[in-house]
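> Line order of the protein sequences matches chains A and B. Going by this note's numbering, the first sequence runs without a break in its numbering and finishes at 329. Going by this note's numbering, the second sequence runs without a break in its numbering and finishes at 175.
Source of the hints: derived by calculation from the structure; they are not laboratory data. Treat the hints with caution; some may be incorrect.
Just the calculated beta-carbon pair ranges, DEER-fashion [to be verified]:
1) A:G242 <-> B:N164: 50 to 56 Å
2) A:R304 <-> B:R142: 31 to 37 Å
3) A:D287 <-> B:A161: 50 to 56 Å
Some chain A residues flagged as far from chain B (calculated, every beta-carbon gap over 10 Å) [unchecked claim]:
4) A181
5) G188
6) A198
7) S237
8) G263
9) E316
Per the computed footprint, the stretches of chain B lying under chain A, defined by three or more beta-carbons under 8 Å from a beta-carbon of chain A, are [claimed, not checked]:
10) 17-28
11) 59-68
12) 93-106
13) 131-142
Since this is a predicted model, take the numbers as computed values, not measurements. Where a beta carbon is used, it is the ideal one built from N, C-alpha and C, also for glycine.
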Amino acid sequence: MKPVPFDYVRPQSIAEACAALAREDSVIIAGGQTLIPMLAMRLARPACLVDIARIADLAGIREEDGAVAIGATTRQTDAEYSDLVARRVPLLAKALPFVGHAPIRHRGTVGGSVANADPAAEIPLVLVTLAGTVVIREAARTRAIAAHDFFLGPMMTAIPTGAIVNELRFPVWAGERIGVAFHEISTRQSDFALAAAAAQVSLDADGRCLACAIGIGGATPVPTRLDGAAEDLIGSTLTDDDVRAALAGAIDTVEIMVDTHASPDYRRRAANTLALRAIAEARDAAQQVRQGRA
Amino acid sequence: MKADLNVNGKAVSVEVEPRTTLLDCLRDQLGLTGTHAGCEHGICGACTVLLDGEPVRSCLMFAVQADGYAITTIEAVAPAPGELSIVQDAFCETHGLQCGYCTPGMILTAEALLRRIPDPTRADIVNAISANICRCTGYGQIVEAVALAAKRLAGSNVPRALPPGDGA
Chain A
36 MKPVPFDYVR
46 PQSIAEACAA
56 LAREDSVIIA
66 GGQTLIPMLA
76 MRLARPACLV
86 DIARIADLAG
96 IREEDGAVAI
106 GATTRQTDAE
116 YSDLVARRVP
126 LLAKALPFVG
136 HAPIRHRGTV
146 GGSVANADPA
156 AEIPLVLVTL
166 AGTVVIREAA
176 RTRAIAAHDF
186 FLGPMMTAIP
196 TGAIVNELRF
206 PVWAGERIGV
216 AFHEISTRQS
226 DFALAAAAAQ
236 VSLDADGRCL
246 ACAIGIGGAT
256 PVPTRLDGAA
266 EDLIGSTLTD
276 DDVRAALAGA
286 IDTVEIMVDT
296 HASPDYRRRA
306 ANTLALRAIA
316 EARDAAQQVR
326 QGRA
Chain B
8 MKADLNVNGK
18 AVSVEVEPRT
28 TLLDCLRDQL
38 GLTGTHAGCE
48 HGICGACTVL
58 LDGEPVRSCL
68 MFAVQADGYA
78 ITTIEAVAPA
88 PGELSIVQDA
98 FCETHGLQCG
108 YCTPGMILTA
118 EALLRRIPDP
128 TRADIVNAIS
138 ANICRCTGYG
148 QIVEAVALAA
158 KRLAGSNVPR
168 ALPPGDGA
């Protein structure tokens, strides 16, 4: 359980980090909570680690242009304990406690989870569900990639070689009555998700659905939005029957992962059930907003 | 490669390979063998130390990454040689340890929990220690120990000592 020898550099700026990544077999380390086990098991044998964790421009949480922007190297617990995240991106706040265990979240970074693109990861699922964007930095330029174009497959993303994830943008929904829910099944608490579902709904004063976002992960190679089902629910009051009808067949055409941990049939059923629960819970939470004010 | 660390309130300078984990550095170079090496890939929690007062896996970081943090190991938990902290004492009293391998990690996890949440619910305690594996499966007594420590700390009229460097 000892990594192979490697060099270690700690650039002070994004430009320096991009330059360091030009070296062959160099990899980025931020929190290292996925990379270091890979190194320990010698599944990864890089020549050089480029530590971006102390680059000041890469960390921090702020709201601008209708989104909460979270710097790539922001620690997961910093996002979890953030008031701004809790108020403006409550779905992310709901999902973060499912990410590993607290000691992992103290070191693990929000951007690292996205760049790693594990199918079971919660932060990518929230980012895709909310139709967020990933801002990446290449040597000379910055560009934004929509989350649904960013995740290409298990552990595969659209990040070009030598680029760095700069920040993630989670859209903030307008509206008074917003509810969110996140559900996940794993074999042990905080283990990898076999299936997960995220939902966010916005209701009008009469309880009708103005906006709805549903995403599933864990079961699928990449986080997947159920846009058809979400559209069917707009204008409804999100009764259990409405939700069941909208979800019927929605997951049948979605690619489900095959591995030794759970059968595709199980994962499909679990994802469907979790999506149902998530929407119902998000609905109930949104309804509470009105009752709380009455 | 040189790494300047702050371990248990003392500044130390070590010469390490970049691949040396903080765990191996603490044990092999600084002789702090109270931090236990378990799975060495982040699963078991035996190697837990506090970094600026928060529990982390010392096997999941390299010593060269650890400069600038206040690192607290189990050796710094007791108030004086031969004494036990309130949390350690509670573990003894409730039989919260059997073989003792997971205990340093459990104690540090509990110390951090009780600083953040002085009056934890059972769910808070279970959630916190779920990050640490006890292969003797003595979880029942460990939960009891943390609850007892919380009660005693609440009733204690001695100000809580924060770990060195934890200015929070």
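> Please write out, lowest number first, the hints stated earlier that are contradicted by the structure.
12
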